[in-house]
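**Student:** Take a look at the letters that make up each chain.
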Amino acid sequence: MLAAASAAVATVPLVYLVIRTVGGALDDGGDAVRQTLTRPGTTELLVTSAALTAAVTVTCLALGVASAWLLVRTDVPMRGSLLVLSALPLAVPSYVAAFGWIATVPGWSGFLPAWLVLSAVSTPYVTLPVVAALRSADPALEEVARSLGSSPWRAWRTGTLPQVAPAAAAGALLAALYTLSDFGAVAMLRLPVFTYAISRQYSSFVGREVAVVLALVLVVGALLLVGLERAVRGRGERWRTGSGARRLAAPVRLGRATIPAVLLLLLAPAAAAAVPAVALGRRLLAGTGRRLDLGDLTSAVISTAAVASAGALLTSVLALAIGILTARHRGALVAGIEAAGFTGHALPGLVVALSLVFMSLNVVPGLYQTTTLLMLAYAVLFLPKAIGATRTSIAQVPPVLAQTARSLGRGPVAAQAATTWRLAGPGIGAGSLLVMLTAMKELPATLLLRPTGLDTLATEIWSRTNSAAFGAAAPYAVALVLLAAVPAFLLTRPQAWGESGGSR
Amino acid sequence: MSITPRRAWLLPGVLILASTLTACGEDSADTNGASEADGEIVVYVGRDEELVAPLIKQFTEDTGIEVEARYAGTSELAATLLEEGDASPADAFLSQDAGALGALADEELLLPLPDEIADAVLPGYTSTDGSWVGVTGRSRVIAYDGEKYAADEVPGTVTELTDPQWEGKVGFPPGNASFQSFVTGFRVAEGDDAARTWLEDMAANDVEEYDSNSLTLEAINTGTLDIGLINHYYWFEAAAEAGEENMRAQLKFADAGDPGALVNVTGAGLLSEDPDAVTFVEYLVSEPAQRYFTETTFEYPLVEGVPTPEGLPSLSELQGPEIDLSDLADLEETVRMIQEAGLS
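Protein sequences appear in the order of chains R and D. The first sequence maps to residues 1 to 504 in the working numbering. The second sequence maps to residues 505 to 848 in the working numbering.
In case anyone wonders, no lab produced these hints; they're calculated from the structure. As the structure is a computational prediction, the values presented were derived from the model and not from experiment. C-beta atoms are modelled at their ideal positions from N, C-alpha and C, and glycine is treated no differently. Be aware that a few hints might be false.
As the list claims (entries may be wrong) - Computed footprint of chain D on chain R, listed as stretches where at least three residues anywhere in the stretch have a Cβ under 8 Å from a Cβ of chain D:
| # | stretch |
| --- | --- |
| 1 | 187–198 |
| 2 | 201–212 |
| 3 | 348–359 |
| 4 | 447–456 |
| 5 | 470–479 |
To be verified - So the derived label-pair ranges between C-beta atoms look like this:
| # | chain 1 | residue 1 | chain 2 | residue 2 | range |
| --- | --- | --- | --- | --- | --- |
| 6 | R | R79 | D | E570 | 55 to 65 Å |
| 7 | D | R840 | R | P399 | 54 to 64 Å |
| 8 | R | A332 | D | G634 | 50 to 60 Å |
Could you build all of it, start to finish, from the sequences and the hints given here?
**Tutor:** Given below as structure tokens:
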């Protein structure tokens, strides 16, 4: 029930888009739909969006899995600091990273920089869950394969890869959806993709029908990605029961490969964080016509932390319902509910915001322009981030534990609380941290749905860059990255992501 | 340092408390669209907060009317207002351009303005039917790289920019509302065929497309673009930020009568019958507000008797094409033309 309610919240944008498209089609006999789908530009946008998403996803997968392996299974030096650095790109909004690159390499635009920037900021979506999966993966399987004569690569592929594949696939899905829905980076780097076109339609005041149809196409793309990830995840069950000692695999000695390995690990943090930091620093030193008001900055930091945490909490509760359902059950209905949870994530924030304006005023006008509605918007946008982490960590808890607890006389809820929820708790926490840090960076929905007078760091950056005051925006951008680095740092801790290995 | 997993879980919980505290004061959105004067109005502002906030403060000091201002992009706010319809909490809308106001007027969301407000502004720079009023003017300009060119080397007409000499060196934001008004002006002044040919020739001449006026200007300032078509006041904004002497980009005003000399307007419309909202819109076209805009942003005043900012040609010298800036039937055709030229 609760799962269905959560899914209903997540489908608000979809329902809105369908209402608008059907309404428009009734008015004009489907002209807008036909014209939008058949005009030459649409195919081009589709190809560019698909190519960018594919390129970024593959890059994130390769770089993320390689980074995770280096961080967990080798003797790479300064592993703690490198792990924290590898999470740092998550804290950088794509528009800040993109601005950093334009300021550093003036005039660089198009597919290549968009690929670079989006890959750099999204790689941790893969790295962090795979690090966690590798830490708790049982090395015995790989060792058995080795002892039976497999090559090291084959032993890894058959022994360890299946254990990390679900985490990698879930991370790759987040990276893919992020790329599909991103507007900030592609707008700055001048790559015409779907979200870019949607925004242009809105800004010309005569193209709302077209924008809605384009957004609907984007949702279809997202659902295809969700289906793809489900196929990769497969049907296997992934918990282990034995109480046998789980130990870490013997680290692989890197030897002369150490320096290349460290450089590889620094790639994403350098591209996503170091380059923009230097660029912003230069702007800051170049001076600004505006005085920095510390009071404004502080209150923006507090508001950002507050609304993002509140949004994360609500999102986690909704995700918990869906996560429990999908970790334990299969079937068309479950698949439908899970896929519904992902729709909001593929849409540009502007579309999600407008759908909530529409729904809120029609269903619960009292919530309009309140913090509550803003929290709901974050839930719609970021539910998938929490669902992934929740599902993965619940799937790792053997269902027999709860069954045993029940046989010992606990009620159904108490039995789950004492076993599954407790063991999966940290993983669910990781999901909410992920939501929190993304909500901190969110701009379009925050701008339209916030209570009047509430300024977050993202809206303050927007209002400054909007009037070309890049230097004045710098302190806010730095504050945002520092603030978002807190949850990013917590995500690198061994206890996050539902790793039960260390604490038992 | 040591946050155990269960305590990490608590972190959002602690922060939610903080959020409830900060949100308490703001959770009462005014959704009643009050039509009586209660000394309070809600204004949607599609312009820069840094610019508008001091003016609103002055308004409150002068009239005692409290203003709840919501700041966001003009097109996003227009889309929001269209979505809100009659349920909008807003009493007035201050827009960055005329197209947005035209879209709202088309959906009959704007209330007619009293004649003394509608007539306060120079004709040609405001709505033809009194549905909204022009507040300030901004001229289209040809911005160029001052390190590479002297002013007289830069063309004074936009048509010259289709010359092979400028291949790959010119940029503009085709999705921007002011650019679209300029193309509409082109169509009115020289005919649809001429406008279409110009767009196609520019596309063939490898024109660079940007997302906004400020990113176009930024490209000139960093030396990646030679010439850009933007609004004049972006240059003054950037100069205020970086210092006039540090501006690599320079401005050239197009020759009188050229479509490149179009003057766009910002404007305001009325969304509720609250007399306080009428007072607010009236204030925007009063002399002190007009002076404030021209002195802080170098925009053109639209009320007679307020002087044009120094260093700018007067409105009458520019002689842009005469068009109805909020005519959406025209805008729709313009957007189609831009897209068909492959610039979207």
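**Student:** Give a verdict on every hint.
**Tutor:** Status of the hints after comparison with the structure:
1. Closer than 8 Å: that is the beta-carbon criterion, and the stretch 187–198 of chain R has 6 residues meeting it against chain D, so the requirement of 3 holds.
2. Interface restraint, the stretch 201–212 of chain R with chain D: holds (7 residues with C-beta to C-beta distance below 8 Å; minimum three).
3. Requiring three or more residues with a Cβ within less than 8 Å of a Cβ of chain D, the coverage given for the stretch 348–359 of chain R holds, as 5 such residues are present.
4. Against chain D, the stretch 447–456 of chain R contributes 6 residues with a C-beta closer than 8 Å to a partner C-beta. That satisfies the three-residue criterion, and the hint holds.
5. Under the rule that three or more residues need a Cβ within less than 8 Å of chain D, the assignment of the stretch 470–479 of chain R holds, with 3 such residues.
6. Look at R79 of chain R against E570 of chain D: about 57 Å separates their beta carbons, and that is inside 55 to 65 Å.
7. Restraint check, R840 of chain D to P399 of chain R: a C-beta distance of roughly 59 Å satisfies the suggested window 54 to 64 Å.
8. The beta-carbon spacing between A332 of chain R and G634 of chain D, approximately 58 Å, falls within the hinted interval of 50 to 60 Å.
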